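Assemble the whole structure, with the sequences as input and the hints as a guide.
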Amino acid sequence: MKKIFKFVIERYLKLLTKIILWRHNPLIVAVAGSTNKTFIKDQILAELKNEEKVRGNPRSFNTEIGLPLAVLFLPSGYSSIFKWVDVLLAGTYISVFKRNFPRILVLEMGVQRKGDIKYLLSIIKPKMVVISDIGGNFSDNKNVIDEEMARLVSAIPSEGKVILNMDHDRVKNLEKYCRAPIIFYGKNKKADVRIKNVRNNSNGQTFDLELSGRKSHLETDLFGLHNIHSLTAARVVTSEIRKKTKSKTKIKTKNVKKKRN
Amino acid sequence: MSNLILSPIKEMEIRASKISGVVSLAQGVADFDTPECIKRCAIEHIQNGDVAKYSLSPGIMELREVLEVDLAKKGIYYDFESEIIITAGAIEAITATLLTILNDGDEVLIPDPTYTSYQEAIKNAKGVPKFVPLSEKDGWSFDENKLERNITSKTRAILFCNPNNPTGTIYSKGQLMKILEIAEKNNLYVLADEVYRDFVYDNQDFYSIGNFSKFRNRIIYIFSFSKSYSMTGWRVGFLATEQSLAQKILVRHDVLVTCAPVVSQWSALAAIEMADEDMQHFKEMFNERRDLICSHLDGMRDWLIYQKPSSAYFVFPKFTKKLVEALENDRAIKNYDTKDYQEKSLSWKLALNLLYEAKIAVVPGRAFGKTGENHIRMCFGRSSEDILKVLVRMKDYFDKKYR
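Quick mapping for you: the protein sequence lines, in order, are chains A and B. Numbered according to this note's numbering, the first sequence spans residues 1 to 261. Numbered according to this note's numbering, the second sequence spans residues 262 to 664.
Honestly, I wouldn't trust all of these hints.
Capping the alpha-carbon separation at 30 Å, the derived lysine-lysine pairs in DSS-like fashion look like this [as the list claims (entries may be wrong)]:
id : chain 1 : residue 1 : chain 2 : residue 2
1  : B       : Lys544    : A       : Lys83
2  : B       : Lys314    : A       : Lys2
3  : A       : Lys187    : B       : Lys509
Listed next, with one range per pair, are the computed distances between beta-carbon atoms [as the list claims (entries may be wrong)]:
id : chain 1 : residue 1 : chain 2 : residue 2 : range
4  : B       : Ile304    : A       : Asn143    : 43 to 53 Å
5  : A       : Asn188    : B       : Lys407    : 20 to 30 Å
6  : A       : Gly115    : B       : Asn448    : 31 to 41 Å
7  : A       : Gly135    : B       : Ile266    : 42 to 52 Å
8  : A       : Asp221    : B       : Tyr597    : 21 to 31 Å
9  : B       : Asn309    : A       : Asn188    : 49 to 59 Å
10 : B       : Lys398    : A       : Ile81     : 16 to 26 Å
11 : B       : Asn448    : A       : Asp221    : 18 to 28 Å
12 : B       : Ile307    : A       : Ser76     : 12 to 22 Å
13 : A       : Tyr119    : B       : Glu538    : 52 to 62 Å
14 : B       : Asp559    : A       : Glu10     : 55 to 65 Å
15 : B       : Lys544    : A       : Lys190    : 50 to 60 Å
16 : B       : Lys398    : A       : Gln112    : 53 to 63 Å
17 : A       : Asn143    : B       : Ile275    : 22 to 32 Å
Hints in this document: simulated from the structure, not taken from any laboratory. Values in this document were obtained by computation on a predicted structure and should not be read as measured data. Backbone N, C-alpha and C fix where the C-beta goes; we use that ideal spot for every residue, glycine too.
This is the structure:
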């Protein structure tokens, strides 16, 4: 009974999501990878909030049910049938009648097992994807995650953009599956967007970034190279979004202290 | 042969388990079950086949990443990839750290009174615990002069819990700063177990050791999910420290447990993401129970006096002169299959009398250090019914036996 109920909710939410995306056709940016998705997404949202009508999904909303809920901007009904009825009614109204909708959706895409990406791609069609890292928890699921990520990048159309972390071998290897142009970022000398001069101190880290021919010096109170990768990935995405949406606002590349909160 | 002894808290629980009708306020365990959202998530991961295999030794990445974000919200910054290790509870974090940083005979300073298992964890790592008495009259605060006086060429670390168990008091920002300055001056590590950090009452400010990033190279921040999310049986916690030390501790952690229980790691992730409301509910309930236990202790002033705890779920009442005199003349302890050190301690005498004669379990204050003598620890994490039963039996006992 529970399985049937879940199946019905999944299918109905999927239908509603397809309708709303067909009506409004927003630019969808997918943020994928084993970790750092939430931070990258939050950074993108923070950088764009004053200039674009943009929305993202809450952290745990990146699954078969969570992703449609995020697109429709609805809460979960959890294990309550009554709450789910409310959610589905509200979803129907939003999907069919509501006029306002964000121009850009930044969505985390979580992968845990084979087939996850196929299902998520049957709901949304991202034009841009950023992949931060791939690192399995168990040695025997490595290939599954790589295959899922390959499926994701290969689904980005040639007019889109794939943004990959060049410092991670498994991410870099996705290059061969891409149809869309790739932007590599990282410390690697061949990266299109280069991270240089990473330094640690007791207050966090500093680093230099070369993006679109401009250099900037950044500070963060977060530790770990993955946070520098994430800040860089977010910068690359926002830069590309601005180009796509022809925003007149120039990217800020002065000294900016990044804080998580 | 090992010179370790079983924690007196566990000894009291084992003794209590053999006597019918005992009500226990001994072990620091809440009466709440683990929140539903955590259990649901655990079941889902079991059914999905996510928990049968080891995780990476430092723990599942998803949990470590969320912990990094959660700590950052509290102004504590660590890199999840190289500086956070998921452990089998706080005690495994402490054990792995001590095994890493201590050589035979190295000394570790611990407050007196403090959590009983620290002494044994230090001895287990071939170290020597050295007690630094806290000042009861100043709200069980650290005396920096006493702390410095106890430092020798063999001192390697300071280990404490904040909020403190058994006193239920918190160390101020100024005190923490002093401890860290002393540690810096003498090149010591500072291990801070913040397992009760989420239960601070009356809107008091709580400063974490992790907020002092200037000293991050010598801080080992330790937390367990046991108390905040009523998950004592799941055995999951974590430590965070600067990466070069973290990588050395990881080796010990791997030797000890390989990895924390994987089902518990996924459950800890659910706790952080979904169980905030449950934790707040626990805190409200503990606050009510604190008032309950304190109001009844007020009615036993002839025997016990106490400082109202500002945090955790323990009250640590002190014996009055009248009770001390009564216990000095009491020989009943001879009947209880005790060891020498227990017979010499008034707090052991009272705890065992209460257990065998009044059928209530509390922990003798001596278990927490010399300064804890003439005190008992009572846990108000248990249900209101149990707390009431204990208090009624205790008052009856005092009235009948010592009045």
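How the hints compare with the structure:
1. The straight-line distance between the Cα atoms of B:Lys544 and A:Lys83 is roughly 28 Å, inside the 30 Å bound, and the hint therefore holds.
2. Taking the CA atoms of B:Lys314 and A:Lys2, the gap is near 28 Å; set against the 30 Å cutoff, the hint holds.
3. Taking the CA atoms of A:Lys187 and B:Lys509, the gap is near 26 Å; set against the 30 Å cutoff, the hint holds.
4. Remark: the range hint 43 to 53 Å for B:Ile304 to A:Asn143 is contradicted by a beta-carbon distance near 27 Å.
5. Range check, A:Asn188 to B:Lys407: about 54 Å between beta-carbon atoms, so the 20 to 30 Å window is missed.
6. The supplied range of 31 to 41 Å is broken by A:Gly115 and B:Asn448, whose beta-carbon atoms lie about 54 Å from each other.
7. The hint said 42 to 52 Å for the Cβ distance between A:Gly135 and B:Ile266, and at roughly 43 Å that hint holds.
8. Evaluation of the 21 to 31 Å hint for A:Asp221 and B:Tyr597 yields a failure: the beta carbon distance comes to about 56 Å.
9. Between B:Asn309 and A:Asn188, the C-beta spacing of about 35 Å breaks the proposed range 49 to 59 Å.
10. For B:Lys398 and A:Ile81, the Cβ-Cβ distance of about 59 Å falls outside the hinted range of 16 to 26 Å, so the restraint is violated.
11. Taking the beta carbon of each, B:Asn448 and A:Asp221 are about 26 Å apart, inside 18 to 28 Å as hinted.
12. For B:Ile307 and A:Ser76, the Cβ-Cβ distance of about 21 Å falls inside the hinted range of 12 to 22 Å, so the restraint holds.
13. Checked against the hint of 52 to 62 Å, the C-beta distance between A:Tyr119 and B:Glu538 comes to roughly 31 Å, which is inconsistent with it.
14. As the Cβ distance of B:Asp559 to A:Glu10 is approximately 58 Å, the hint placing it in 55 to 65 Å holds.
15. Remark: the range hint 50 to 60 Å for B:Lys544 to A:Lys190 is upheld by a beta-carbon distance near 53 Å.
16. With their beta carbons about 56 Å apart, B:Lys398 and A:Gln112 fall inside the hinted range of 53 to 63 Å.
17. Evaluation of the 22 to 32 Å hint for A:Asn143 and B:Ile275 yields a failure: the beta carbon distance comes to about 49 Å.
Violated hints, listed in ascending order, are 4, 5, 6, 8, 9, 10, 13, 17; each of the other numbered hints is respected by the structure.
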